[in-house]
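Residue numbers (our numbering), protein chains in the order written: chain A, 1 to 289; chain B, 1001 to 1321.
Any given hint could be a false lead.
Claimed, not checked - Pulled a few chain A residues facing chain B out of the computed Cβ check, cut under 7 Å:
no.: 1; residue: 89
no.: 2; residue: 154
no.: 3; residue: 176
no.: 4; residue: 214
no.: 5; residue: 242
no.: 6; residue: 260
no.: 7; residue: 266
Please keep in mind that the hints were generated in silico from the structure rather than gathered at the bench. Glycine included, every Cβ here is placed at the ideal spot set by N, Cα and C.
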Amino acid sequence: MPINDWFKQRESRRYTVTSGSGADLPDGVWRTCPECRKTLYQGDVARSLSVCPHCAHHFELIAADRIEALVDPGSFEETNASVGSVDPLRFSAVKPYTESLAAARESCGLAEAAITGRARIGDRAVAIGALDFRFVGASMGSAVGEKVTRLFELAIAERRAVVLVVASGGARMQEGMLSLMQMAKTAAAAERLARAGLPYVSVLVNPTYGGVTASFAVLADMIFAEPGALVGFAGPRLVEQTIRRSLPKGFQSAESLVDHGMIDGVVPRAEMRGRVAAVLGYLVPGGDV
Amino acid sequence: MARFVMEFERPLVELEDKLDELKALDVASLPELAAEIEDLEREVERLRETLYAALSPWERVQVSRHPARPKTDDYVAELFTDVVELRGDRAYGDDEAVFTALATLGARRVVVIGHRKGRTTKENVRRNFGSPHPEGFRKARRAMRLAEKFSLPVVTFLDTAGAYPGLEDEERGQAWAIAECLATLSDLPVPVVVVGIGEGGSGGALAIGFGDRLIMLENAYYSVISPEMCAMILYKDTARAAESASALALTADDLMRLGIADEVVPEPLGGAHRDPAPVIVAVGERITSALEALSAEDTGALLENRYGRLRAIGVFAEGDG
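Please build the complete structure, drawing on both the sequences and the hints.
Here you go:
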């Protein structure tokens, strides 16, 4: 056996190669922080809310962990868990949409990219939702639009505040205009919540783009983002092609959004629950004692 | 302006040119030419019908972008009187890619909001080829608020490739400007009639693109993403836009089928640019009758219906539990 092949074979035995974001790694795995390049033990990363202990890089989290990190322990009760996408346009390109959906369901164990439900934060009743980027880029098709809309409607019916943790690639191309119209549908529901005098806090995480940013995600009373999260309408590559020059450092970062007056603050993951609870303390009706 | 030929109509145009050349010859001195001209005329007519009778989605997208296609300016000039333009977003600037005005349609005072492509290069540069900056959406929202305050119905015209994806646009909150339009439009307590006259490019179109009626021109399109960009993402190849256009279900007929559009205004063979006047008149009639029907509804019912229309859009599965 040529020596190079021997090395290759040895390499393939030494490492377990995982695909995707690393949001769902098992504990007994070593990973490299993309920011500071230090090697980390996944067990340590998981214990620190998936924040790098050396440089505070915020790793991606699955939707269930996003919710768990914000709500009072054990208070989450899922709603509309079975709402999921179908393939209304019979969209087939490189691979059929039905295959992408099946693969996402298989690997995430979710019916759709959004998880929604009732919970309590600082003992206040909330309707909470989170988007899972592993599931078709957390893009918004009919099912995500429906779940988010129902969440706002549930909040109105039960006089709850709404908290949404948002990550998304935008409107889901594979459902065409049905996806675009979910922007109007979710915005309309958010507007109804506002008219009902109920608070809405959104937490933007990396990455949030396109039709999701341009609809319910930014219609909140207060908007916070995680450190380093990229948030925008058009993706950076498209912007770069459009203006034909390189983008400034930190373009579309949560930090720059604060500077441009677009969000209320960059909040480290470990402090987010406290910040959201503080806002709800002010905005939930009947707060004065 | 030089004549603009769409790729798919090139064979027809070549034949038409040949016919014109023959006609320019002295037919009287060449009697055998008369028969040939007649043959060619029949051939041209036949080709015109087969070419335009069943346009593919991608061909319709090209027709919707035809430079001579009637634009917001044309509809405003032909259908409305006593037009008073509103300019500026009162925060940063005046975006000429969006037109807003007080105007009169027949006997009805309305607020008009439309994407505004230009006719000349100079106009198009000023108007950023109809792709709005955040200021354009904020101006549109200002016009919506004015409509609310003075109980004026809103008529919008869609004709944009999309919101402009520039650096400063991102910094000034393009997504925020669009989202605020959506929220405002969703419960604006006056009738809102939307007309898709050309391009309906994504969020930039949607910002002024839904309401109580959606009237689509036969060759107008409305899409979640441009066919080119979709092809870029799917195949890394913008040349496959035709496939994407079919997959995206973006034509007026598709929108009817999906329950998003309410009616389709037919266009003359080849597209509205071939004979704009009757199309513009027909659009005016459709807007007028829609406004008449909607004005009879009380505001509460109007807003419930509008929410109900949005609420009904979407196809998904729901199992047990």
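Consistency of the hints with the structure:
Hint status for residue 89 of chain A relative to chain B: holds, with the closest Cβ pair at about 5 Å, below 7 Å. A distance limit of 7 Å between C-beta atoms decides the matter here; for residue 154 of chain A the minimum to chain B is near 14 Å, and the interface restraint is violated. Nearest Cβ of chain B to the Cβ of residue 176 of chain A: about 4 Å, under the 7 Å cut. The hint holds. Restraint check, residue 214 of chain A versus chain B: the minimum CB separation of about 4 Å is within 7 Å; hint holds.
Hint status for residue 242 of chain A: holds, given a least beta-carbon distance of 5 Å to chain B, under 7 Å. A cut of 7 Å between beta carbons decides the hint on residue 260 of chain A: the least distance to chain B is about 5 Å, and the hint holds. A cut of 7 Å between beta carbons decides the hint on residue 266 of chain A: the least distance to chain B is about 16 Å, and the hint is violated.
Hints 2, 7 from the list above are not met by this structure, while the remaining hints are.
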